[in-house]
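Asker: One letter stands for each residue in the lines below.
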Amino acid sequence: MTTRIVELRRGILKKNDELAAELRARYVAAGVLVLNLVSSPGTGKTAFLERTMRELKARGARVAALVGDLETDNDARRLASSGAPVRQINTHGICHLDAEMIGKHLEDWPGVELNQLDYLFIENVGNLVCPSSYDLGERIRVALLSVTEGEDKPLKYPTLFNSADAAVITKIDIAGPCDFDREAALKNINEIRPGIRIFETSAKTGAGMEEWLAYLATARATQG
Amino acid sequence: MHELSIVTSIVETVTESLADYPGARVKEVRLRVGALASVIPESLDFCYGIAAEGTPLEGSKLVVDVLPVVVHCEPCGLDVELDGVQSFRCPRCGTPSHDLRQGRELEIDSFEIDEIDEAKEKK
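These protein sequences, in sequence, are chains L and W. Number 188 in my numbering belongs to position 188 of the first sequence; there are no gaps in the numbering. Number 81 in my numbering belongs to position 81 of the second sequence; there are no gaps in the numbering.
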């Protein structure tokens with residue numbers, strides 16, 4: 001018997017990273033801005049996305065969404081009410097979306113061609129841990145946090161917040177009753193991800209939406 | 001909890017590489033995991049035992065080297081190591097930095113095997 005050490009130096013998620021890179025190239029070639037929305041369950045991703053998609057459609061933009069969910073298609077049905085194409089991805093217990101699932105659901109999507117879209121939103125499974133490891137080829141990763149969740153969420157989940165390109169605080173219309181400490185939340189987000197754009201929004205009242213939509217338009221215009 | 005899919009990928013990758021070393025048994029697999037990789041070494045270890053069962057990796061040890069976060073500090077002109085993942089500021093001058101140079105790694109560094117000696121094999 002001889003003992004030998006074999007050097008490998010191989011990324012464990014290499015397969016996902018390669019698929020994500022292919023997807024990213026496809027998105028850019030098609031001229032579609034792709035966003036990956038990540039938050040805890042109950043943050044209000046769906047309500048926020050519903051409002052975003054409705055407002056973008058009203059401005060003449062072509063939008064679509066892929067929606068990850070462990071079991072149901074409730075969120076997809078809610079989003080479809082905007083009239084935009086929405087496709088459900090049931091992960092059946094898997095805690096995150098990966099690049100392979102996205103690639104598969106982009107194929108044969110009835111009536112949807114990437115190059116006919118301006119924006120594609122990917123609503124990830126409600127989870128603040130696992131989705132942060134899986135690149136979906138998105139241009140913008142959005143970390144969402146609601147005023148009901150506690151200002152220290154960014155400190156508790158630094159991986160996600162550090163890897164995000166934009167942060168969205170949701171439900172600010174009920175910040176008062178929730179005793180939401182705005183300054184602490186902004187400070188914590190900045191401590192984990194210095195310089196990140198932060199949007200304070202309410203899907204209910206529309207607060208903060210103008211700023212968010214302007215950010216999307218700029219990001220789309222400067223892509224690729 | 002995506003640790004099981006991570007260890008499954010480790011077992012698959014190492015098993016593939018073993019094709020070059022017929023009959024070898026794996027003693028140890030060494031990982032490089034960044035402090036921001038969002039995997040828990042204890043959970044990896046727990047899942048590893050299950051994923052390795054019935055493979056040439058069964059009974060081997062998983063060694064996790066945790067790599068601290070390193071950011072580039074513009075004013076200092078240096079890559080600096082952070083104490084933890086609660087504040088992304090240069091420990092020397094306090095300037096915030098998002099220029100990450102290390103900390104998201106999730107990779108198999110190497111593995112150790114017991115090879116069957118060729119002489120013995122020929123008998």
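I should point out that these hints are in silico values taken from the structure, not numbers from a laboratory. Everything numeric in this text was worked out from a predicted model, so none of it was measured. No residue lacks a Cβ here, since even glycine has one placed at the ideal position from N, Cα and C. Treat the hints loosely; a few may be bogus.
[As the list claims (entries may be wrong)] Cross-link-like lysine-lysine pairs, in silico, DSS-like; alpha carbons within 25 Å at most:
#1 L:Lys57 x L:Lys14
#2 L:Lys104 x L:Lys14
#3 L:Lys14 x W:Lys61
#4 L:Lys156 x L:Lys15
#5 W:Lys61 x W:Lys27
#6 W:Lys27 x L:Lys57
[As the list claims (entries may be wrong)] Listed next, the stretches of chain L that the computed footprint assigns to chain W, with coverage defined by at least 3 CB atoms under 8 Å from CB atoms of chain W:
#7 7-18
#8 34-47
#9 61-73
#10 197-206
Asker: Let me make sure I understand: some of the numbered hints might not hold for this structure. Which ones are they, in numerical order?
Answerer: The structure breaks hints 1, 4, 6, 8, 9, 10; every other hint is satisfied.
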